[in-house]
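Given the structure of chain A, go ahead and fit chain B onto it with the hints provided.
Number of protein chains: 2
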Amino acid sequence: MSEDLRMPDAGNPTLRLGSDECWELLAGTTLGRLAVSYRNEPDVIPVNFWAAEKNILLHGSEYVRDIVRRAEHQVVLEADGRSGSSVWSVMAKGTLRELTGPAEIAAVERRKLRPWTLTRRVLYLELEPSELTGRRIAVGPENND
Amino acid sequence: MSEDLRMPDAGNPTLRLGSDECWELLAGTTLGRLAVSYRNEPDVIPVNFWAAEKNILLHGSEYVRDIVRRAEHQVVLEADGRSGSSVWSVMAKGTLRELTGPAEIAAVERRKLRPWTLTRRVLYLELEPSELTGRRIAVGPENND
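Residue numbers (the UniProt record's numbering), protein chains in the order written: chain A, 1 to 145; chain B, 1 to 145.
Pulled out of the complex, with its shape left as it was, chain A reads as follows:
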């Protein structure tokens, strides 16, 4: 985390985050929510992801596969968390690409990513965001311990 990190406060409760800080926050967590749109209706599912080198990797179950295969256009991966007296949220918009080549699957498997849950993983997905936005928001005193 940068030393000169600006933090929001009561007078200025919302700060927009720059791209570097968004990547840093994404790299520090593996739980996000993937939102997709299908026939102009949204759907959203929790997913494990791994962010590194301006690229996001997801490891999906059959449930995720069925949802993303019918997804049209762009998807959004959202992650959020708490740090000190603020909460942050990062949204990465882009299109998902399913990894299918044996070489790229082998490269991913060498990373030994550990999804949280025991559901069988059937596909790897890559999200290279075309838009990355983040906000940090001050937490009220009753939630600030």
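No lab work stands behind these hints, which were simulated from the structure alone.
Incorrect hints may have been included.
As the list claims (entries may be wrong) - Example chain A residues on the side facing chain B (calculated, C-beta under 10 Å, incomplete): (1) Arg6; (2) Met7; (3) Pro8; (4) Ser86; (5) Ser89; (6) Leu132.
Glycine included, every Cβ here is placed at the ideal spot set by N, Cα and C.
Just chain B, lined up with the frame of chain A:
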């Protein structure tokens, strides 16, 4: 939490939850993610919500208002959490209604709901789900402490 709660395990890692259990889980948290669709592209934002009596109330900032006012069709509110050796996720789909009548706004204000963040709240929204689904998924041993 019901005494006879079924829990997922390695042999059967995903359990679908019934409506009562979904409501019980929603009532136990106030942080969710609201997914909307606009011109067939998804958007997702963290929101505070309060679930009670088969009804969900959201208290939105200007940022939320701008996103939901342009949202078309249905929205989805997703909440998730961890309990013991499983994680759960509940999705409530429906349409949002903005509360505008002074009597209904006064009734909500008597509930003294406390959003986490300091951003100014400019609207109350009600979501009466037309579809409520939930899953409980077993967590792998390396994430099971």
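Outcome of the hint check:
1. With 10 Å as the threshold, the beta carbon of A:Arg6 stays out of range of chain B, its nearest partner Cβ sitting at about 15 Å, so the hint is violated.
2. Contact between A:Met7 and chain B, as hinted, is not supported at the beta carbon level, the nearest pair being about 12 Å apart and thus beyond 10 Å.
3. With 10 Å as the threshold, the beta carbon of A:Pro8 comes within range of chain B, its nearest partner Cβ sitting at about 8 Å, so the hint holds.
4. With its C-beta approaching chain B no nearer than about 8 Å, A:Ser86 sits inside the 10 Å limit, and its interface hint holds.
5. Satisfaction of the interface hint for A:Ser89 is found here, the shortest Cβ-Cβ separation to chain B being roughly 5 Å, below the 10 Å cut-off.
6. Checking A:Leu132 against chain B by beta carbon gives a least distance of about 14 Å; that is not within 10 Å, so the hint is violated.
Violated hints, in rising order: 1, 2 and 6; the structure is consistent with all others.
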